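Protein chains: 2
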Amino acid sequence: MKKRKTRKTMTVVIVVLRLGHRIMRDKRITTHVALSARALGASGIIMSGEKDDEVLESVNDVAERWGGDFFCEHRRDWKKVIEEYREKGFVIAHLTFYGIPVQEKVGEIRGKNALVIVGGEKVPRDVYDLADHNISVTNQPHSEVSALAIFLHECFEGRELSNEFQNARLRIIPQERGKKVIGKEKG
Amino acid sequence: MKKRKTRKTMTVVIVVLRLGHRIMRDKRITTHVALSARALGASGIIMSGEKDDEVLESVNDVAERWGGDFFCEHRRDWKKVIEEYREKGFVIAHLTFYGIPVQEKVGEIRGKNALVIVGGEKVPRDVYDLADHNISVTNQPHSEVSALAIFLHECFEGRELSNEFQNARLRIIPQERGKKVIGKEKG
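Read top to bottom, the protein sequences are chains C and W.
According to the numbering used here, the first sequence holds residues 1 to 187 in order.
According to the numbering used here, the second sequence holds residues 188 to 374 in order.
To be clear, the hints were calculated from the coordinates, so they are not data collected in a lab.
The structure presented is a predicted model; accordingly, all values stated were derived computationally and were not measured.
There could be a bad hint or two in this list.
[As the list claims (entries may be wrong)] Listed below are the simulated DSS-like cross-link pairs for lysine-lysine, each with C-alpha atoms no more than 30 angstroms apart in a straight line:
no.	chain 1	residue 1	chain 2	residue 2
1	W	K367	C	K122
2	C	K180	W	K267
3	C	K27	W	K267
4	C	K122	C	K112
5	C	K51	W	K366
Given only the sequences and the hints, what does the whole structure look like? Please build it.
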């Protein structure tokens, strides 16, 4: 697992599969999903649905400037992605507000490599059947962004908040008031 | 605190203040912020910036159908909102990726009533000074939606995931596969 090399606190690989992206409607939400995935310890995101070069570029650009080796790519055939990750021994977890509460399920996933499926507006019925676990973060309507955030936080038990991102060009020095960024935009 | 009556697991009131909403750009993100706030145990959200009736209606509509007594309102003068909540004894916490990591700060907030400020694209410098705490959820760029989610989850220590929403017209029965909703859309 190449993650182990650069992100020492993580020994588990979690990859996000974002389904059904629509260029016209989902640009910002998908970007938030991707950046949250990266910030909260996932190793990469695979986007399905419409191929959106703008989102891919902006996420890869953040990853390059802020360090780590998060990957972001588009794949047309999401079923094949699921198959491939299953073959690699990953648990397939689907986040849906119809599923079993994360607090009851996370124990079965924690410590294992996982592919986490995050749906868009309409999730094909197949996804529920292909997943090993259909998991809810509350059974209330809210956001795939916060559902993913809580899921990752539960999987990593909060350790993800202290991740170091290697080879960053930009870095924040936490402040009680105001802003402090070190580094430079262009290398 | 009227929350105590209807949402028994919560004894603490957290209200979200969303700054700088722009109708053209932020509709979906602000909606996700508001719904995440509700789902994860906040008592209400106050939106500042441009008044967006569509967002207000859609959030209030969810709250009505899915239960609980979450409030969602627009206020033009966000400084006055901060003053009012400070007078009521609320801690003022501002989520910003320049701030002190949540895992170091949450102990000072947990168990207290809090106004949580979630910025938009450009946060006025005043906010950093008016807040009692400037708090980061990782010092990486990601999403106000996931930052708020993790913050609430840390404040409520995961108990928010088991909240019951009273007087709901619609309710999910968690399923291993597929979807089960009970209740009816119109009362």
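Are K27 of chain C and K267 of chain W close enough, with their CA atoms no more than 30 angstroms apart? Violated. K27 of chain C to K267 of chain W sits at ~34 angstroms, over the 30 angstroms cutoff.
Take the C-alpha atoms of K122 of chain C and K112 of chain C, compute the straight-line distance between them, and say whether it is at most 30 angstroms. Cα-Cα ~28 angstroms, so holds.
Below or equal to 30 angstroms on CA atoms is what counts here, so check K367 of chain W against K122 of chain C. holds, 16 angstroms
For the pair supplied as a hint, K51 of chain C and K366 of chain W, is the alpha-carbon distance within the 30 angstroms limit? holds, 29 angstroms
Taking only the CA atoms, is the gap from K180 of chain C to K267 of chain W under or equal to 30 angstroms? holds, 28 angstroms
Consistency note: the structure conflicts with earlier hint 3 alone.
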